[in-house]
Amino acid sequence: MRVAGDDLHLHNDYLRNCWYVAAWAHELIDGRLLARTILDHPILLYKGDSGSAVALDDRCCHRGARLSKGRLEGDCVRCMYHGLKFDASGACVQIPGQDMVPKGMSVRSYPVIERDSLVWIWTGDADKADPNLIVDFPYLREPGWRGVPDYLHYDANYLLIVDNLADFAHLAFVHRHTLGGSEEYAFKTKPVEVERQPRGFRVKRMHMNAEVPPFHRKVTRSDARIDRWNVGTMHIPGIFFLESGFAPAGSGIERGDISQARQYRNCQFFTPETAKTTHFFWNYLHNWNTDDPTIALSLHDSMVEGFHEDKAIIEQQQRTFDADPDFRMHPIAADAPLAHFRRVLAQLIAQEKGAALAA
Amino acid sequence: MRVAGDDLHLHNDYLRNCWYVAAWAHELIDGRLLARTILDHPILLYKGDSGSAVALDDRCCHRGARLSKGRLEGDCVRCMYHGLKFDASGACVQIPGQDMVPKGMSVRSYPVIERDSLVWIWTGDADKADPNLIVDFPYLREPGWRGVPDYLHYDANYLLIVDNLADFAHLAFVHRHTLGGSEEYAFKTKPVEVERQPRGFRVKRMHMNAEVPPFHRKVTRSDARIDRWNVGTMHIPGIFFLESGFAPAGSGIERGDISQARQYRNCQFFTPETAKTTHFFWNYLHNWNTDDPTIALSLHDSMVEGFHEDKAIIEQQQRTFDADPDFRMHPIAADAPLAHFRRVLAQLIAQEKGAALAA
Amino acid sequence: MRVAGDDLHLHNDYLRNCWYVAAWAHELIDGRLLARTILDHPILLYKGDSGSAVALDDRCCHRGARLSKGRLEGDCVRCMYHGLKFDASGACVQIPGQDMVPKGMSVRSYPVIERDSLVWIWTGDADKADPNLIVDFPYLREPGWRGVPDYLHYDANYLLIVDNLADFAHLAFVHRHTLGGSEEYAFKTKPVEVERQPRGFRVKRMHMNAEVPPFHRKVTRSDARIDRWNVGTMHIPGIFFLESGFAPAGSGIERGDISQARQYRNCQFFTPETAKTTHFFWNYLHNWNTDDPTIALSLHDSMVEGFHEDKAIIEQQQRTFDADPDFRMHPIAADAPLAHFRRVLAQLIAQEKGAALAA
Chain A
174 MRVAGDDLHL
184 HNDYLRNCWY
194 VAAWAHELID
204 GRLLARTILD
214 HPILLYKGDS
224 GSAVALDDRC
234 CHRGARLSKG
244 RLEGDCVRCM
254 YHGLKFDASG
264 ACVQIPGQDM
274 VPKGMSVRSY
284 PVIERDSLVW
294 IWTGDADKAD
304 PNLIVDFPYL
314 REPGWRGVPD
324 YLHYDANYLL
334 IVDNLADFAH
344 LAFVHRHTLG
354 GSEEYAFKTK
364 PVEVERQPRG
374 FRVKRMHMNA
384 EVPPFHRKVT
394 RSDARIDRWN
404 VGTMHIPGIF
414 FLESGFAPAG
424 SGIERGDISQ
434 ARQYRNCQFF
444 TPETAKTTHF
454 FWNYLHNWNT
464 DDPTIALSLH
474 DSMVEGFHED
484 KAIIEQQQRT
494 FDADPDFRMH
504 PIAADAPLAH
514 FRRVLAQLIA
524 QEKGAALAA
Chain B
174 MRVAGDDLHL
184 HNDYLRNCWY
194 VAAWAHELID
204 GRLLARTILD
214 HPILLYKGDS
224 GSAVALDDRC
234 CHRGARLSKG
244 RLEGDCVRCM
254 YHGLKFDASG
264 ACVQIPGQDM
274 VPKGMSVRSY
284 PVIERDSLVW
294 IWTGDADKAD
304 PNLIVDFPYL
314 REPGWRGVPD
324 YLHYDANYLL
334 IVDNLADFAH
344 LAFVHRHTLG
354 GSEEYAFKTK
364 PVEVERQPRG
374 FRVKRMHMNA
384 EVPPFHRKVT
394 RSDARIDRWN
404 VGTMHIPGIF
414 FLESGFAPAG
424 SGIERGDISQ
434 ARQYRNCQFF
444 TPETAKTTHF
454 FWNYLHNWNT
464 DDPTIALSLH
474 DSMVEGFHED
484 KAIIEQQQRT
494 FDADPDFRMH
504 PIAADAPLAH
514 FRRVLAQLIA
524 QEKGAALAA
Chain C
174 MRVAGDDLHL
184 HNDYLRNCWY
194 VAAWAHELID
204 GRLLARTILD
214 HPILLYKGDS
224 GSAVALDDRC
234 CHRGARLSKG
244 RLEGDCVRCM
254 YHGLKFDASG
264 ACVQIPGQDM
274 VPKGMSVRSY
284 PVIERDSLVW
294 IWTGDADKAD
304 PNLIVDFPYL
314 REPGWRGVPD
324 YLHYDANYLL
334 IVDNLADFAH
344 LAFVHRHTLG
354 GSEEYAFKTK
364 PVEVERQPRG
374 FRVKRMHMNA
384 EVPPFHRKVT
394 RSDARIDRWN
404 VGTMHIPGIF
414 FLESGFAPAG
424 SGIERGDISQ
434 ARQYRNCQFF
444 TPETAKTTHF
454 FWNYLHNWNT
464 DDPTIALSLH
474 DSMVEGFHED
484 KAIIEQQQRT
494 FDADPDFRMH
504 PIAADAPLAH
514 FRRVLAQLIA
524 QEKGAALAA
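Residue numbers (my numbering), protein chains in the order written: chain A, 174 to 532; chain B, 174 to 532; chain C, 174 to 532.
The reader is advised that the hints may include incorrect statements.
A pair holds if it fits inside one copy or across any two, identical chains being indistinguishable in the list.
BS3-like, lysine-lysine: derived pairs with alpha carbons at most 25 Å apart [said to hold, decoys possible]:
no., residue 1, residue 2
1, Lys242, Lys361
2, Lys258, Lys361
3, Lys276, Lys361
4, Lys361, Lys377
5, Lys258, Lys484
6, Lys484, Lys363
7, Lys484, Lys242
Note that these hints are calculated values from the structure, not bench results.
Throw the hints in and build the complete structure from the sequences for me.
The following block contains the structure:
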């Protein structure tokens, strides 16, 4: 039995006309020339003197030397092989020892936008790069939320990470001793809401009168049983938001009383590096006791621990698919959101390709 | 000049309807979930509470996670990604959070048989898996023989190891200072019997009035010259038995008087992991002074030393063939057994494929 | 915009009917069996008792074992797998345990010539291997010149190294702090002579009243400004000679007065190992104060430092081309010599292939 989009993770069929996270803004301070491959493009990211983020192909158009090994000059970058200089639009503006710059001497530049401490990039048709299409996560800018932004590299296709987050039951088995807390989460609870959306899905799950999961126990120091909710939203092309809260068992979250809850907001951005590797940007924020910096750091460390539990499984999946592309997966009931997501993504990619062929 | 079957080592054309050694029985104690790729199949081997060996595909049929990273429960194994549970037949018997297990939720199971401390596996048609087809090596169960079973991994096709054992003349050059003893073995002696068998070959070689080879010298502490016999038998698909003995020079082994001989029995089982890598299981047994445990250990260490001499050459051969698949080998007279073995194996594989096509 | 021969570095289209450097002569002392892959051929190089250099295929024709792991016997080499012995012509002259050597038991031998401390090899048609075709660099034999011969391995196609040396402007950017001295070299100077030759090119460049480059400063200990000339000559298939000199600024080198100059002669030989890796043999010689051995050693070390600056860029170019064979380079004016060289080489390779097809 096949699910539409089942094989997407085997190909480099990316949706190109959409925004992906290219970097955290803090990665570009101090004029750093950051080399990062995005959707198979080797790209140079930097901020010059003007402070605007720039993205250029990281290959000098002359002989292919890396511009990221070059030198920042104002808002320009100079290739340090033969000295060609490129401006922020990618145009070559100087060739040492040569008076004229021939037509066509340029490297590709990509639309980039810095917003809420993230640098977004558009690798599709530049004229379609509408900033309003950037998926919004307000907690990165709203006061009262604190977290530690971080990055993880995966040796796996980004959609295998999307799959992972489509079914929270894995918390019970993969994260039993870190983010989960007990296997009840898989056996006794189910999603209470599953919403298919035009560009993603939304899943809500409750766990009442439960053991406190270890990561929350670390920052609250209380063993009292809790009521827990998780609301996960996944957006095309691979952006995940999680709203969750923990309240004393019986305090009424099922009736909407969250007055005693401690809440978290988590954002995760998956950007394909290649068909088999992924950039993973994330932040896990809380809005209580935010004057205590150790809480954000402890939550950060717990997440790193949990993400590495996922990473081991997901990278092994990638190796399994690489070793045998004929391997076929079998869906279970809980795969409905992931199947929907892959179906929608496959349609969008097909539309984009169709439009490109027609044009 | 080409020999039939010359290229077998370049392909993953395995004979599938036959038994291969999958593990030593002792590798499965304590409920260990052993991951081992066999004939390109990633396989999970284990013994549950019932004590029977089980072999399942090491990929959860749901999303391909490794069952060998799962949890043993009785005779079942639970995938620790989303918690699916599989019994020893490979059937999924539980999906957490889901009442019914859909039809077709199962992983492949393989016939396995434990015999004489070896676990055998059949990766072909299960209904043809006749236990009587297991090649017998009685010295693993007969009292009076002692040895230390071991395992070596080769980065080479298993048939290059078969080749190696088809011509003992290599003892003189490869193992001069370990298992051989002198180059006379190549220059002065030849096989006294070479028997082509329907599923293998048998080669007998004598060396009279010879220097004692170093490995035997270590356990006898005598420099007296010896008469030596080696009788090697190779069986499809890659099973080698060696009977050998060393007697005082002139004591009459050529007339059948082996009363003063010290004898050894060696078994070697080559199981393809992939077309370019091999599992190598072996034991080298002796039947004299068996109350002294240091003899078996010394022989074991000498074999490890000798096998690594072979391994260096054989893995280099593999790299040579990989680098240039057009390289052609030229046979010498001593290759007759090897050529026969490859011819027989090529015929058996062709028959098996023909039968599969007809069916 | 494409240049003829632009893609040569992506293929293993070698010119075969020409001499390549296989080794420095000193690499073959003491009967060493040197394994070196040349133009994709795994080759054994050695000098037997007669002292003549020998080059044979480094694969025993029997089962492909490495002859370089064998044993030198006089001018012969014995394979240490089954003991086959080969003479300097590649003929098998002994098979242990077998009276006759069958026809066709031989490995390929290659014409080799030792000249001026270099061992040259010819991998094309042996009957075309005319020693007079060896490109001559007299400074390796002429008295009065001193240097330290050395070797560097590149993970890049040899033509990318040829490219590098076709435009000295890179000295200004890549070697600013080692071999260059100032960026003026790129901005203020241009080649004063560029000569296209039937099998290469010649480029002359002057830099007047310049900072002394660091490598020359180290051996002269003077900061006085200098006049500098560089004359580089590149020969098919990848042989570079550099004549250069440094004189006190204003001492008249532009009028041909080099009486106050300190001169250097540099030879570099690029031999393809594979399409993506290169053997790089070089020597940097000087003819002043040659009784002081520290000068040659200091120059040697400076060159190693500078070559590693090139190597980092060139190996990155190779990775860039590997990652995206569709990447297209754009020429600048200074690429005229390299474009000529690639055009000539492409023509010679095409002629050679055409002749082979016709024959």
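Starting from the hint list further up, note which numbers the structure goes against and sort them upward. none
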